[in-house]
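Assemble the complex: chain L is given as a structure, and chain H must be docked to it using the hints.
Given next are the chains, with one letter for each unit.
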Amino acid sequence: MRNRVKQVLADNYPEIDFEASTELVDDGILDSLTMVGIISALSMEFGIVLPYEDILPENFNSIDAMVELLEKYI
Amino acid sequence: MTYNSLQFFPFFAIFLLLYLLMPRVRLRQIVILAGNLIFYVLAAGTDMLVILIGTSLIVYAAGRAIGHIYSGYEAEKEGLSPKEAASLFSGYKKRAKKYLLAAFFLILGFLLYTKIGKLFDFKETAKISGLLHGGTILVPLGLSYYTFSSIGYLLDIYWKKAKCEHDYFKLLVCMTYFPHIVQGPIGRYDKLLKQFGALPGFSYERVCFGLSRMLWGFIKKMVIADRIALYTGAVFSSPDEFAGFEIFLAVMLCAMELYADFSGCMDIVIGAAKTMGITLDENFRQPFFSKNAAEFWRRWHITLGAWFKDYIYMPLAMSPRFMKTCVSFRKKHGNRAGQIFSSAIPLAIVWLLTGLWHGTGMDYVVWGIYWGTVIILGTVLAPEFKKLTTKLSIDTESFGFRLFQMTRTYLLFVIGRMFTVTGSLEGFGKLVFGLFREHRFWTVFDGSLYQHGLDYKNFCVAVIGILAIWISDMLGARMHIRETLSKQPLVLRWLVYYGGIVVLLIFGMYGESFDASNFVYGGF
Numbered sequence: 001m002r003n004r005v006k007q008v009l010a011d012n013y014p015e016i017d018f019e020a021s022t023e024l025v026d027d028g029i030l031d032s033l034t035m036v037g038i039i040s041a042l043s044m045e046f047g048i049v050l051p052y053e054d055i056l057p058e059n060f061n062s063i064d065a066m067v068e069l070l071e072k073y074i
Numbered sequence: 001m002t003y004n005s006l007q008f009f010p011f012f013a014i015f016l017l018l019y020l021l022m023p024r025v026r027l028r029q030i031v032i033l034a035g036n037l038i039f040y041v042l043a044a045g046t047d048m049l050v051i052l053i054g055t056s057l058i059v060y061a062a063g064r065a066i067g068h069i070y071s072g073y074e075a076e077k078e079g080l081s082p083k084e085a086a087s088l089f090s091g092y093k094k095r096a097k098k099y100l101l102a103a104f105f106l107i108l109g110f111l112l113y114t115k116i117g118k119l120f121d122f123k124e125t126a127k128i129s130g131l132l133h134g135g136t137i138l139v140p141l142g143l144s145y146y147t148f149s150s151i152g153y154l155l156d157i158y159w160k161k162a163k164c165e166h167d168y169f170k171l172l173v174c175m176t177y178f179p180h181i182v183q184g185p186i187g188r189y190d191k192l193l194k195q196f197g198a199l200p201g202f203s204y205e206r207v208c209f210g211l212s213r214m215l216w217g218f219i220k221k222m223v224i225a226d227r228i229a230l231y232t233g234a235v236f237s238s239p240d241e242f243a244g245f246e247i248f249l250a251v252m253l254c255a256m257e258l259y260a261d262f263s264g265c266m267d268i269v270i271g272a273a274k275t276m277g278i279t280l281d282e283n284f285r286q287p288f289f290s291k292n293a294a295e296f297w298r299r300w301h302i303t304l305g306a307w308f309k310d311y312i313y314m315p316l317a318m319s320p321r322f323m324k325t326c327v328s329f330r331k332k333h334g335n336r337a338g339q340i341f342s343s344a345i346p347l348a349i350v351w352l353l354t355g356l357w358h359g360t361g362m363d364y365v366v367w368g369i370y371w372g373t374v375i376i377l378g379t380v381l382a383p384e385f386k387k388l389t390t391k392l393s394i395d396t397e398s399f400g401f402r403l404f405q406m407t408r409t410y411l412l413f414v415i416g417r418m419f420t421v422t423g424s425l426e427g428f429g430k431l432v433f434g435l436f437r438e439h440r441f442w443t444v445f446d447g448s449l450y451q452h453g454l455d456y457k458n459f460c461v462a463v464i465g466i467l468a469i470w471i472s473d474m475l476g477a478r479m480h481i482r483e484t485l486s487k488q489p490l491v492l493r494w495l496v497y498y499g500g501i502v503v504l505l506i507f508g509m510y511g512e513s514f515d516a517s518n519f520v521y522g523g524f
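Listed in order, the protein sequences are those of chains L and H. The opening residue of the first sequence carries number 1 in my numbering; numbering runs sequentially from there. The opening residue of the second sequence carries number 1 in my numbering; numbering runs sequentially from there.
These are calculated hints, taken from the structure and not from any lab test. In this text the structure is predicted, and so the values were computed from the model without any measurement. Virtual Cβ for every residue (Gly too), placed ideally from N, Cα, C. Relax, there's no trap hidden among the hints.
So the derived label-pair ranges between C-beta atoms look like this:
| hint | chain 1 | residue 1 | chain 2 | residue 2 | range |
| --- | --- | --- | --- | --- | --- |
| 1 | H | MET252 | L | LYS6 | 48 to 58 Å |
| 2 | H | THR373 | L | ARG2 | 33 to 43 Å |
| 3 | H | THR407 | L | THR22 | 35 to 45 Å |
| 4 | L | LYS6 | H | LYS331 | 16 to 26 Å |
| 5 | H | ALA382 | L | ALA20 | 16 to 26 Å |
| 6 | H | PHE436 | L | ALA20 | 48 to 58 Å |
| 7 | L | ALA20 | H | GLU397 | 16 to 26 Å |
| 8 | L | LYS72 | H | VAL366 | 40 to 50 Å |
| 9 | H | LYS487 | L | ILE16 | 35 to 45 Å |
If we strip away everything but chain H, and leave its shape as in the complex, we get:
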């Protein structure tokens, strides 16, 4: 079962009805947990659920152990000066580190094993017993997402930025929460746990907001992304057969396809959570309106970027050993060089790891290096760019310059996507070569462009869909769309809702026997 499969609709309808009927918080938590477990078993199987529950037990035990050690510190630090307390804390931290590392060894070790296994083409198994055979890996649904959230949760406790959860049931509800288990957003458990502890009762407005957001998500995924995928899939699966404009169109469309797919899924899951009164973190904020690559990555897959910033970039940049190196580098080469060094080295490591998180093939390694280089150069050369625009008297606030920046961001994203979209660097080479081999503009006029999965009418639907996403993003940057809609007259509101349902029913891509296509980011 995926969020856009036929089984999901009755599952969610029954679940929501039961949930909304529950009079108390504990009962609502029980319904959510039951929903989580049913969803996970139907989507991934019982063996995968066993791994997920096992992980939750490890996370809970490690969190409690660290919390218990720190409670000793809290009692002992009474009456000490801040300096003495800091010194005392380092001793407690050493003890807590053992539990942290043990939990990391188990949960991160499992993730690394699956990643390395994928690199060596290990066979995937769906059974725990299958792991006993050599050369096999088991990849539980949402493994990367819940592992990252769990690591963040434990590190927050270790750094005393969050308190450990004492109620295992609540932690299990939060960890297995079906709206975010498949492809995020990568939640902060400490924030979510507070919400699960105070689940609100029924609210007409909240349920309407949630359902309308889900509807928009389904349209983005099933009407737009899956439609574009028919054409891009045909081109990227055999790039040798295409050239010039055909490839140019596919690479330009694949950026919008991924955006519609991933942000569509986020609309579905954030909307689903909203109906229950849970606010999940936003993962997108009009990313293609960004002025540069660094801003783009603050607005695209926001929770992954925030995770890497908080748990890799900052700890790495702040580590005593690296800080000492930075200080000596700064003394030798001056402030400017020191600033560049202290930010560029951790950024390079973060981008290499971000690439490896997305996939273990060389194409993803190159993808990570590409983005790391673009962002580091953008940061390092920012003062020079500023001088240049001042010298050339360019109005950086003008509409023309903003349009140039947005187009540049889109093209940077498209180039990055080209590295991985065929599944290999060889495929990337074929795309680049094919792009310049011949122009093939005639395919637009002789109709042959419309023989690769998408006919002319479906192309038109896809283009209208893309325009709708752009308009929605433009409006979304200025106002809260659903709130504004909710203030409109009843007839207009329901015309929009019914219109959306009709669009979904008529133009949704269902495939044979409603074989719902998977979400792209579900694979991570």
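Looking at chain L on its own, in the form it has when it is part of the complex:
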């Protein structure tokens, strides 16, 4: 699962080092436009729709946080 998420992120945003921080949103590495792109890519990969109440900075601050969020719905 983690590798799949990592691959999706690398394919869509090769310019971002997602392992560089565990505060990706709080550090300003991911802005709202990028977050929308990431969620759209992950939705396509895993065939799920994430509810808006789960779109919180803490759920996108690291790859592990994203994996944890996705596991709730898969």
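Okay, now just chain H, sitting in the frame of chain L:
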């Protein structure tokens, strides 16, 4: 009463004194509420206050109802897996949605009615009874601001990002809070409510910080913005009579006028709140130092941009239906096109709505489309711009390139402002036509430039004021100015404070019988 009117000064002095004398949090809350109600009645009238209190009751009731439904969910989800809990929550969410929509129908409906009424030139009334007549609207002071904050508060509860407030008194204190009721900043009630629950006692340093910030705000508004407005007002009220350099100067100055006016008001209200120990959100962060349009809007009217991002852009971009469309678009056209599609469509809607928030005329619709187009193009073409600068070996970190980016941002803002500043698209056309009709450079030398509201000396004062704002922004980007000032020797500190007061008293624009001019953003 406005923040820069003569009545405000004794009102605030008495209010602050009483507030600081109160020994307990509840008593401080009572003084704030009394201050809020007196300010609102003096500024807008009793009927408007009734609407505001009515809105607060709707918001409180809806928040409590949603909170009550979710308390059932919290009890039932015990022992369930995250997946089962998510499924259970969707049922509770459906029930909560009814209350949310009912509250929206009432509070957002009222805002939409006033906006549509303005579009159809409905007559404004100050009395609730006046609404019974056809073709009338009632526009309570700060309607757009408190409606937006209320919607945000309810949505945060609905999305379980915040808890509902159980104490109606505290919510009323927060909603009617006089420093932010007129033109923001658009506060997050959940954050503010925490502060209102723990109002601190007197602090010399905090009161000094607050008052000095208010002083700087008054200077920006009354010395700089109102002075520039004399010239820009003359040009924009009859653009036919001006041409070339006269119009160029007016449009270049109007950007600084709006900045001094709006950020000046924010300094006054954030400073006033600071004296009470309340930290309001910042609305400006040196916006004209931005590298591009998207960054500019993250640094100008920050709370409005954040509101649109959190409550329109993200929910729209994340909605299941739109997400499905994005996924199928991405499958068909690839990742890059998919990324552009998923961000551009919600951005276009947000900018159209931002335009309509500012005004319902066609000039504001065009203004919204203009900014939407500039930002979407900037985002979409960013990789191409990067390739181009690399190919041309341009050092994007050099001072020259940064200056080019800042100038471009300023000009983009000026062009946007030209759409709305005369009040119609016809006026915009006149400005553009007049700009190129003849150059009129001679008006600087024959003195005729100084016969349209601002004489030579006042022009000089305005220019010095603009320079002061730029210097303050440059320093503000590097240090906390008031904190640095507070560490200086007593004589120097008080020289600055007294200097500011003297500047305000000598150069402030008071008008006839101190008829204080309104703040530009108060009209929204």
